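Engineer: Listed below, chain by chain, are the residues.
There are 2 protein chains.
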Amino acid sequence: MTTKTTTTETTTTETTTSIVEESTFLKELVLQVRAQDHYGVYRTWKDELVIANFVVSKEKKSKISVEGDVDPATQLRILCFYRAIAVCIEKQTGKLCQVVTDLSHEGFGWAIVWTGRLVVLSRTLRDAQRFGYPSLKKLAAQGERLVESGIKTVEKFPDAADG
Amino acid sequence: MTTKTTTTETTTTETTTSIVEESTFLKELVLQVRAQDHYGVYRTWKDELVIANFVVSKEKKSKISVEGDVDPATQLRILCFYRAIAVCIEKQTGKLCQVVTDLSHEGFGWAIVWTGRLVVLSRTLRDAQRFGYPSLKKLAAQGERLVESGIKTVEKFPDAADG
Numbered sequence: 026m027t028t029k030t031t032t033t034e035t036t037t038t039e040t041t042t043s044i045v046e047e048s049t050f051l052k053e054l055v056l057q058v059r060a061q062d063h064y065g066v067y068r069t070w071k072d073e074l075v076i077a078n079f080v081v082s083k084e085k086k087s088k089i090s091v092e093g094d095v096d097p098a099t100q101l102r103i104l105c106f107y108r109a110i111a112v113c114i115e116k117q118t119g120k121l122c123q124v125v126t127d128l129s130h131e132g133f134g135w136a137i138v139w140t141g142r143l144v145v146l147s148r149t150l151r152d153a154q155r156f157g158y159p160s161l162k163k164l165a166a167q168g169e170r171l172v173e174s175g176i177k178t179v180e181k182f183p184d185a186a187d188g
Numbered sequence: 026m027t028t029k030t031t032t033t034e035t036t037t038t039e040t041t042t043s044i045v046e047e048s049t050f051l052k053e054l055v056l057q058v059r060a061q062d063h064y065g066v067y068r069t070w071k072d073e074l075v076i077a078n079f080v081v082s083k084e085k086k087s088k089i090s091v092e093g094d095v096d097p098a099t100q101l102r103i104l105c106f107y108r109a110i111a112v113c114i115e116k117q118t119g120k121l122c123q124v125v126t127d128l129s130h131e132g133f134g135w136a137i138v139w140t141g142r143l144v145v146l147s148r149t150l151r152d153a154q155r156f157g158y159p160s161l162k163k164l165a166a167q168g169e170r171l172v173e174s175g176i177k178t179v180e181k182f183p184d185a186a187d188g
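Top to bottom, those sequences are chains A and B. What the first sequence shows, in the numbering used here, is residues 26 to 188, in sequence order. What the second sequence shows, in the numbering used here, is residues 26 to 188, in sequence order.
Note that these hints are calculated values from the structure, not bench results. Hints should not be assumed to be uniformly reliable.
Given that identical chains are not distinguished, each listed pair holds provided it fits within a single copy or across any two copies.
What the hints assert, rightly or not - SDA-like mimics (lysine to any residue), calculated; alpha carbons at most 20 Å apart, straight line:
1) K86 / Q154
2) K162 / S48
3) K120 / L146
4) K120 / S147
5) K120 / T149
6) K86 / T149
7) K120 / G188
8) K177 / G188
9) K177 / D187
10) K116 / L104
11) K52 / Y67
12) K163 / N78
13) K52 / K163
14) K85 / Q61
Please read these numbers as outputs of a predicted model, since none were measured by experiment.
Here chain A stands alone, though its shape is the one from the complex (with noise of 0.2 Å):
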């Protein structure tokens, strides 16, 4: 019994490791929260269970009330997910990034991610107690998009990027 379950936790692992291993965005992001572990609470878990709740399917998400404040776990993940984006920019332009999050008691908000005098990233928040993506791939693949579109914006704006 006990050699089957050792067997099926090492499958499940390998599968969603590689997720992660795959993904320089998610990489960035379990460093980000990892980096908020002060009691080292995460120093034992796989990559993959530490970004574990970034993923809310769209059922948990609807029992998920948007009447009162942002759970502060939430607004810690959120402000993870966007520094994140910072350094996977900051890494591939070599500009410094910085991020500010502003969220109102209703969950409405903006995420700014700029370095210099550049906006690299603006995103207007919503509902921000439902934030999360219904996979780990999908949460790759947006943290992905919203780097190489920030990345696009420091090309086009040398100028303001450095001023």
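With chain A's structure known, arrange chain B on it following the hints.
Structural biologist: Here is chain B on its own, set in the frame of chain A:
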């Protein structure tokens, strides 16, 4: 006795009102604060009284602790200050400006004003609990200085501002 008091009051009001009247920035700031006055408390107040809380003497500042959270009223004042700057820049350049303030619980953070892809103004905030200026005159001067610098930035990077 009554006559005397009235005279003094009138004189004070006249002197102080002229500061608000003379400054486009202060006029805008008054509008921003009045816009937050959902219950009409300030309806009968003079302009200089509406923004009186933006004046914090050095002595008073030293008495405000920077240990805890930033008071919501202070947070709102900081937001009004940068919104007034944004509106002044908007009126003179014709570019729609957005404002974001991001404050940590320790009173550190950022205030960002941007239009299109251009960061018109970015300031680090520090000891935000003590936000305020020594006098209305200095408040006006600082506001106008930031508006000037913002307009120059828009003129310097027109492509990014339209981007």
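Engineer: Give a verdict on every hint.
Structural biologist: A quick look at each hint next to the structure:
When the C-alpha separation of K86 and Q154 is checked against a cutoff of 20 Å, the pair qualifies only within one copy, where the shortest distance is 9 Å, while the shortest distance between copies is 36 Å. Taking the shortest Cα distances, K162 and S48 sit within 20 Å of each other inside one copy (9 Å), while across copies they are farther apart (54 Å). For a Cα distance limit of 20 Å, the shortest separation of K120 from L146 qualifies both inside one copy, at 13 Å, and across copies, at 18 Å. Taking CA atoms no more than 20 Å apart as the test, K120 paired with S147 passes in both settings, with 17 Å inside one copy and 16 Å between copies.
Taking CA atoms no more than 20 Å apart as the test, K120 paired with T149 passes between copies only; the shortest distance there is 19 Å, against 23 Å inside one copy. For the homomeric pair K86 and T149, the shortest alpha-carbon distance inside one copy (19 Å) is at most 20 Å, but the shortest distance between copies (35 Å) is not. For a Cα distance limit of 20 Å, the shortest separation of K120 from G188 qualifies both inside one copy, at 11 Å, and across copies, at 19 Å. In this assembly of identical chains, K177 and G188 lie within 20 Å of each other by CA distance both inside one copy and across copies; the values are 17 Å within and 12 Å between.
Proximity of K177 and D187 under a CA criterion of 20 Å is satisfied in both settings, with 15 Å inside one chain copy and 16 Å between copies. In this assembly of identical chains, the alpha carbons of K116 and L104 lie at most 20 Å apart only when taken from the same copy (18 Å versus 32 Å across copies). In this assembly of identical chains, K52 and Y67 lie within 20 Å of each other by CA distance solely inside one copy; the values are 15 Å within and 53 Å between copies. In this homomeric assembly, K163 and N78 come within 20 Å of each other (Cα to Cα) only inside a single copy, at 13 Å, whereas the closest approach across copies is 48 Å.
With identical chains, the CA atoms of K52 and K163 are at most 20 Å apart within one copy only, with a shortest distance of 14 Å there and 48 Å across copies. Taking CA atoms no more than 20 Å apart as the test, K85 paired with Q61 passes in neither setting, with 25 Å inside one copy and 36 Å between copies.
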